[in-house]
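These protein sequence lines map, in sequence, to chains A and B.
First residue of the first sequence? That's 1 in the working numbering, and the numbers climb one at a time after it.
First residue of the second sequence? That's 303 in the working numbering, and the numbers climb one at a time after it.
Honestly, the hints are just simulated from the structure, not real lab data.
All residues carry an ideal CB built from backbone N, CA and C; glycine is no exception.
Treat each hint with caution, since some may be false.
What the hints assert, rightly or not - Simulated pairs of lysine-lysine, BS3-like, Cα-Cα distance not exceeding 27 Å:
{"id": "1", "chain 1": "A", "residue 1": "34", "chain 2": "B", "residue 2": "525"}
{"id": "2", "chain 1": "B", "residue 1": "304", "chain 2": "A", "residue 2": "34"}
{"id": "3", "chain 1": "B", "residue 1": "394", "chain 2": "A", "residue 2": "34"}
{"id": "4", "chain 1": "A", "residue 1": "88", "chain 2": "B", "residue 2": "525"}
{"id": "5", "chain 1": "B", "residue 1": "394", "chain 2": "B", "residue 2": "304"}
{"id": "6", "chain 1": "B", "residue 1": "394", "chain 2": "A", "residue 2": "88"}
{"id": "7", "chain 1": "B", "residue 1": "304", "chain 2": "B", "residue 2": "453"}
{"id": "8", "chain 1": "B", "residue 1": "304", "chain 2": "A", "residue 2": "284"}
Stated by the list, open to error - Ranges of calculated distance between the beta carbons of each label pair, as one might list FRET restraints:
{"id": "9", "chain 1": "B", "residue 1": "498", "chain 2": "A", "residue 2": "19", "range": "56 to 66 Å"}
{"id": "10", "chain 1": "B", "residue 1": "314", "chain 2": "A", "residue 2": "298", "range": "39 to 49 Å"}
{"id": "11", "chain 1": "B", "residue 1": "490", "chain 2": "A", "residue 2": "290", "range": "30 to 40 Å"}
{"id": "12", "chain 1": "B", "residue 1": "306", "chain 2": "A", "residue 2": "55", "range": "55 to 65 Å"}
{"id": "13", "chain 1": "B", "residue 1": "403", "chain 2": "A", "residue 2": "94", "range": "56 to 66 Å"}
{"id": "14", "chain 1": "A", "residue 1": "123", "chain 2": "B", "residue 2": "486", "range": "38 to 48 Å"}
{"id": "15", "chain 1": "B", "residue 1": "444", "chain 2": "A", "residue 2": "38", "range": "36 to 46 Å"}
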Amino acid sequence: MVMERRKTDVGLSVELFGRRLETPLMPASGTLSKEAVEEVRGVYGAILPKTTTPLSRDGNPTPRIAETPAGMVNSIGLQNPGVDEFMKNLDDFDLGVPMFVSVAGNTVDEFRELCERVSADERVFAIEMNLSCPNVEHGGLTFCAGASSVEEVVSACRGVSGKPLSVKLTFEGVVENAIAAEASGADAITVMNTMPALTVDADARKVLVKGGFSGPAIKPVAMRAVYDVSGAVDVPVIASGGVSTGVDVAEFMMAGAAVVQIGTVSFVRDPEEILGEFEEYLRKHEMSASELIGCLRGAGSV
Amino acid sequence: MKFHTVEVEGVEALGRYVLLRYPWSGAIEPGQFTMARAAGYPTTFDPFLARPFSFYDHDGETASLLFEVRGRGTQLLAGAKETIEVSRPLGKGFRVGEENGRSLLLGGGVGVAPFKFLSRRLDELGVEHDVVLGFVDEGVAGVAEDFPRAKVATMDGSLGVRGTVLDAVGDLSEYSAIYACGPNAMLAAVKKAANGIELCQLSVEERMGCGNGSCNGCVVPTKARGLVRSCIEGPVFDAEVLAW
Ligand SMILES: Cc1cc2nc3c(=O)[nH]c(=O)nc-3n(C[C@H](O)[C@H](O)[C@H](O)COP(=O)(O)OP(=O)(O)OC[C@H]3O[C@@H](n4cnc5c(N)ncnc54)[C@H](O)[C@@H]3O)c2cc1C
Ligand SMILES: Cc1cc2nc3c(=O)[nH]c(=O)nc-3n(C[C@H](O)[C@H](O)[C@H](O)COP(=O)(O)O)c2cc1C
Ligand code: FES
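Make a model of the complete structure from these sequences and hints.
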């Protein structure tokens with residue numbers, strides 16, 4: 001019997017904003033520290049540190065995290081040293097791959113100033129706008145609360161930034177907001193952020209953590225959001241939400257993602273294993289990563 | 303985070319606590335911790351996160367953890383038979399050196415855990431030290447047998463001195479270094495009592511998501527720098543640094 005030759009060289013790379021990423025994986029914002037960055041060398045095609053804001057933020061009091069079945073709820077509160085300090089130390093995240101920077105402001109002006117500031121730095125490849133933060137000019141609802149607020153903030157940033165902009169949305173109204181973001185000049189949509197959630201300390205009869213739900217438990221919801229958004233916009237979709245295996249990565253790409261972010265699961269798994277599983281998937285199906293993108297809809301679906 | 307599958311060399315009861323041993327030949331500092339779980343991903347999504355534990359002891363070849371069974375994570379670890387999964391040693395441990403003068407180690411409840419290893423290290427360095435362990439009652443004090451030289455206090459007086467660890471120590475000013483681990487109330491009391499002592503270090507406990515600085519979940523308040531991550535800058539802190 002003649003053994004079939006196995007493909008040894010798997011096509012892992014994808015293209016984003018005209019640049020080749022060696023793998024379609026990148027960290028989700030807020031889930032990779034500078035201390036852990038060396039552990040993921042070679043795994044990610046791009047890098048993305050935690051969201052930065054105009055001024056330093058202390059974040060919320062503890063407890064900030066509560067475990068749930070197959071996930072967790074966090075209320076970190078965007079703790080970060082502020083954009084000045086952040087940009088000073090940006091090289092801590094330099095792994096020789098394209099660098100995304102995530103920004104968040106409390107007002108449209110804050111977003112605009114941050115984007116302008118960050119865009120001026122040549123180390124920055126692209127910007128992710130974290131729109132899940134409260135818009136203080138609109139009673140504290142997030143910037144994702146309606147298409148008009150998405151339009152306003154994305155247009156403002158577009159006006160001052162020549163860098164690729166990816167707009168990160170929450171699940172609520174995601175398709176409408178994605179269409180608004182694209183129309184306002186977004187170069188990509190990151191789908192999605194954590195979901196609103198609450199955990200209770202039953203013994204103390206108190207709220208334990210009120211915050212954002214993440215981890216494998218939210219994967220089907222994120223999958224739906226990625227699938228729906230990629231059907232509604234032409235710009236690339238970057239997936240975030242519940243990825244925990246290499247097959248999950250493949251599924252998100254089939255649903256339409258060009259790049260897939262690894263978040264909460266990196267606390268309990270080595271992302272290198274996820275990349276290994278993804279390679280194995282590609283090898284088994286004799287496909288390249290880029291061939292997977294959107295194939296649930298296209299001729300490539302089986 | 304990378305996890306290593308290690309063989310369970312033994313699980314035994316020490317009083318009401320559990321002692322679990324596994325081979326580990328890499329370097330570990332007293333006061334460091336590991337993120338541990340009974341089963342490897344993705345066998346279990348529940349519990350989802352690994353649990354932080356201080357190293358109880360390390361002789362260069364075998365590492366051990368001492369823990370109290372509280373919920374699902376510790377229950378599964380107590381029942382582990384063949385293997386468990388652990389991270390590399392994490393965090394900053396106790397600051398010790400040959401220059402240490404007479405030192406005092408204060409452990410409250412399962413907070414005695416890091417002091418077997420610290421005591422071993424101080425012996426190696428030739429630093430004179432006393433160990434005082436405090437427990438609620440005799441039932442949990444079984445682990446004290448593993449500390450033959452230690453003084454014991456119990457809140458109900460069923461073993462040793464009645465009262466807290468501080469009640470069992472004479473004059474704190476005899477010591478040039480104090481190390482403490484236990485409930486927050488105890489740490490706060492030690493900090494207050496140790497005012498004026500050259501070195502006072504506290505091992506703190508905060509909920510952890512990752513253990514490697516990535517989630518920002520485990521912060522503790524400091525006087526000069528706001529909230530800092532205890533998994534990176536701790537879990538051992540100089541008492542004067544903490545804002546409590
Ligand atoms: C640096 C450090 C060192 C520790 N060393 C020891 C030790 O040597 N021996 C020991 O018995 N315990 C130690 N603990 C506490 C230990 O981590 C918790 O008892 C354990 O996580 C409880 O898990 P569980 O699943 O049994 O309980 P559950 O209550 O079911 O846990 C639910 C969640 O709460 C978290 N949690 C619950 N209690 C604590 C706590 N007290 N501290 C931190 N997180 C908690 C868990 O990690 C988990 O995410 C340490 C904690 C820290 C932060
Ligand atoms: C501890 C923690 C901190 C986070 N911080 C940020 C942040 O600063 N900015 C942001 O855009 N998203 C943040 N997120 C959301 C993640 O980037 C990601 O979108 C979300 O967790 C869903 O993906 P996951 O299930 O793979 O984690 C955070 C998530 C977690 C768990
Ligand atoms: S436990 Fe995640 S930052 Fe410390």
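### Task
Give me the numbers of the hints this structure contradicts, sorted from smallest to largest.
As far as the earlier hints go, 7, 10, 11, 12, 13 are violated by this structure, in ascending order.
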